[in-house]
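J.: Each residue of the first sequence is one higher than the last, beginning at 1 in the working numbering.
Please keep in mind that the hints were generated in silico from the structure rather than gathered at the bench.
Ideal Cβ positions, reconstructed from N, Cα and C, are used throughout, including at glycine.
Any given hint might turn out to be false.
What the hints assert, rightly or not - With a Cα cut of at most 27 angstroms, we get these calculated DSSO-like pairs of lysine-lysine: (1) 357 to 447; (2) 297 to 357; (3) 491 to 447; (4) 343 to 431; (5) 471 to 446; (6) 443 to 431; (7) 395 to 357; (8) 431 to 452; (9) 357 to 411; (10) 198 to 159; (11) 443 to 343.
Stated by the list, open to error - For each label pair, taking beta carbons as the anchor points, the in silico distance ranges come out as: (12) 482 to 113: 27 to 35 angstroms; (13) 401 to 503: 17 to 25 angstroms; (14) 15 to 443: 30 to 38 angstroms; (15) 110 to 269: 20 to 28 angstroms.
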Amino acid sequence: MSSLQFYNSLTRQKEVFSSLIPGRVGMYVCGPTVSGESHLGHARPFITFDIVYRYLRHLGYQVRYVRNITDAGHFEEEGRESEDKISKKAILEKMEPMELVQKYTNLFHWAMREFNNVEPSIEPTATGHIVEQIVMIQRIMADGYAYEANGSVYFDVEKYHRDFSAKGMQYGILSGRVLDDQLETTRELESQEEKRNKADFALWKHAAPEHIMRWQSPWGEGFPGWHIECSAMSNKYLGAEFDIHGGGMDLQFPHHECEIAQSAVCNHQIPAKFWLHNNMITINGRKMGKSYNNVIKLSELFSGSHEILTQAYSPMTVRFFILQTHYRSTLDFSNEALQAAEKGLRRIWEAFTQLNKFVVLDNNISAGDPDLEQHCFEVLSALDDDMNDDLNTAKVLAGLFELVPVINSIKDGLIKNNALTTATMLLMKEKFNTFLVDIFGLKDEKKHDDQKLGAVLQLIADIRKDAREKKDYATSDKIRNQLLEAGIQLKDEKDGGLSWVLV
RNA sequence: GGUCCUGUGGCCGAGUGGCUAGGCAGAGCUCUGCAAAAGCUUCUACAGCGGUUCGAAUCCGCUCGGGACCUCCA
Numbered sequence: 001m002s003s004l005q006f007y008n009s010l011t012r013q014k015e016v017f018s019s020l021i022p023g024r025v026g027m028y029v030c031g032p033t034v035s036g037e038s039h040l041g042h043a044r045p046f047i048t049f050d051i052v053y054r055y056l057r058h059l060g061y062q063v064r065y066v067r068n069i070t071d072a073g074h075f076e077e078e079g080r081e082s083e084d085k086i087s088k089k090a091i092l093e094k095m096e097p098m099e100l101v102q103k104y105t106n107l108f109h110w111a112m113r114e115f116n117n118v119e120p121s122i123e124p125t126a127t128g129h130i131v132e133q134i135v136m137i138q139r140i141m142a143d144g145y146a147y148e149a150n151g152s153v154y155f156d157v158e159k160y161h162r163d164f165s166a167k168g169m170q171y172g173i174l175s176g177r178v179l180d181d182q183l184e185t186t187r188e189l190e191s192q193e194e195k196r197n198k199a200d201f202a203l204w205k206h207a208a209p210e211h212i213m214r215w216q217s218p219w220g221e222g223f224p225g226w227h228i229e230c231s232a233m234s235n236k237y238l239g240a241e242f243d244i245h246g247g248g249m250d251l252q253f254p255h256h257e258c259e260i261a262q263s264a265v266c267n268h269q270i271p272a273k274f275w276l277h278n279n280m281i282t283i284n285g286r287k288m289g290k291s292y293n294n295v296i297k298l299s300e301l302f303s304g305s306h307e308i309l310t311q312a313y314s315p316m317t318v319r320f321f322i323l324q325t326h327y328r329s330t331l332d333f334s335n336e337a338l339q340a341a342e343k344g345l346r347r348i349w350e351a352f353t354q355l356n357k358f359v360v361l362d363n364n365i366s367a368g369d370p371d372l373e374q375h376c377f378e379v380l381s382a383l384d385d386d387m388n389d390d391l392n393t394a395k396v397l398a399g400l401f402e403l404v405p406v407i408n409s410i411k412d413g414l415i416k417n418n419a420l421t422t423a424t425m426l427l428m429k430e431k432f433n434t435f436l437v438d439i440f441g442l443k444d445e446k447k448h449d450d451q452k453l454g455a456v457l458q459l460i461a462d463i464r465k466d467a468r469e470k471k472d473y474a475t476s477d478k479i480r481n482q483l484l485e486a487g488i489q490l491k492d493e494k495d496g497g498l499s500w501v502l503v
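Using the sequences and the hints given, assemble the complete structure.
T.: Have a look at this one:
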């Protein structure tokens, strides 16, 4: 079997993954800013890195997964009205800042549960780590890479770049940007006079009087800059160097670039070995964003209450939709694509459910159908390699889909139950369970473990069977059609039996 | 303007220098009282133009199109 490879944004190539400490992995993923409700775009990184987390654990690693909550509110680009997003909205809604932050944090957690994401090991908040951030800023200042101006502190990008280029940690190492170009192309902004250089970024920002969220610091009352929280918290919980840093591609610059600079000054090394970035979800070819007015909130997605949506899409449908694409490709949203995902998921899930019901022959060592046996074995064997190849979940799913007709044919008796060896049948069961449930985190949203409902349906099925035998098709069709309207689909099986699924 | 990514059949999407991706939709057939489900078969591809090569959707160049980042952003 191949070994796990990730595409490392830092080196711009696929690399075999090995952890710094054998058997253990430290992973930091940039979490949400809880100044508003999470939208469809947020689903991608958190599902993607949930897969990374699940897969690493599946491979036997003990993983510490740190995903922060940004609740301190990053200020806008310097030069514009300095305003804290969270504070501004809090005033509008007449809520305490922390009350607002709590509300959206709760909503975020709700969405994560809906998606069946495993909780991170540590979920630190920015507001809970103000002290760590201040200490880190002080260290950067002590080394001469930051300066104070009017109660704000800025990172001296040019000096950092000059000194650290020789150490292989130039500013732009992650994003591929050239600092000199940056200096020329950065837009002219108002009130830049505080900064020595246009490329400098804020570590600490002086709080204007109307600013509600504020903390005491050596530089007066203010709040932390955009990038320092992730550096401070990843350093605290994962150390100076850890294995994986993840996030959306849009965070690569400036956010992650700045994190590297901050950590490099403090710890003299790039904080993470592997930098993984998921691509964006687009709607009609455009990234979701307030400026495009095409933001679909997760609650709207699940309920279908957005004008773009022609129907509601369940969390598992969305999860499956995301898994059908490689995480580094853009994924374009459309109702048609989501509906295709919904049907595809149902098809594979029903086959999976069926597979789990099969009673495997005890000692079938010679396949009744050698060609099929070989085909199945090859497909099953390729799954791990595809997953190891930078998490090609799309290809793994395609492989599993190839086996769906086999499963259905066995069920319908079109393929004899001795066609495949016991070993292959058991392998098939194992792989379906491992990938769909353990690694992909899919679950049955229509689970019907209600025994009373089962009994009622069994009765109805018997009545319908009697009606059909009497050729009373009016009755049998009425039962079938009305149940379908109620969301229960009856299926007449080849053997004369009858099964049902919730739709 | 700068940096980078991308262009696959009706839709969504994998993909490697030569070997069926897969899903959804469509068509035909089988099964069925009729459906549904399922099975089998099947139609539409690799933006365009050059080049490298025995051979390219896959490598290179150009043209055209789309997108991301450069500003909070998943």
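J.: For every hint, state whether the structure bears it out.
T.: Hints, one by one, checked against the model:
For the given pair, residue 357 sits about 15 angstroms from residue 447 by alpha-carbon distance, which is consistent with the 27 angstroms threshold. The straight-line distance between the Cα atoms of residue 297 and residue 357 is roughly 38 angstroms, outside the 27 angstroms bound, and the hint therefore fails. With a C-alpha separation of about 17 angstroms, the suggested pairing of residue 491 with residue 447 holds against the 27 angstroms cut-off. Of the pairs offered as hints, the one joining residue 343 and residue 431 holds, with about 21 angstroms between alpha carbons and a cut-off of 27 angstroms not exceeded.
Restraint check for residue 471 and residue 446: not satisfied, since their Cα atoms lie roughly 32 angstroms apart, outside the 27 angstroms limit. As the CA atoms of residue 443 and residue 431 are separated by approximately 15 angstroms, the hinted pair is consistent with the 27 angstroms bound. In summary, the hint linking residue 395 to residue 357 is supported, as the alpha carbons are separated by about 25 angstroms, within the 27 angstroms threshold. At most 27 angstroms may separate the alpha-carbon atoms for a hinted pair to count; residue 431 and residue 452 exceed this at roughly 33 angstroms.
With a CA separation close to 10 angstroms, the supplied pair residue 357 and residue 411 stays within the 27 angstroms bound. Taking the CA atoms of residue 198 and residue 159, the gap is about 13 angstroms. The hint holds against a cut of 27 angstroms. Annotation: proposed proximity of residue 443 to residue 343 holds, straight-line Cα distance about 15 angstroms (limit 27 angstroms). At about 34 angstroms, the CB distance of residue 482 to residue 113 agrees with the hint of 27 to 35 angstroms.
Checking the proposed 17 to 25 angstroms range against residue 401 and residue 503 shows it holds: the Cβ atoms sit about 20 angstroms from each other. Restraint check, residue 15 to residue 443: a C-beta distance of roughly 32 angstroms satisfies the suggested window 30 to 38 angstroms. Between residue 110 and residue 269 the C-beta distance comes to about 38 angstroms, which lies outside the given range of 20 to 28 angstroms.
Against the hints set out earlier in the document, violations occur for numbers 2, 5, 8, 15.
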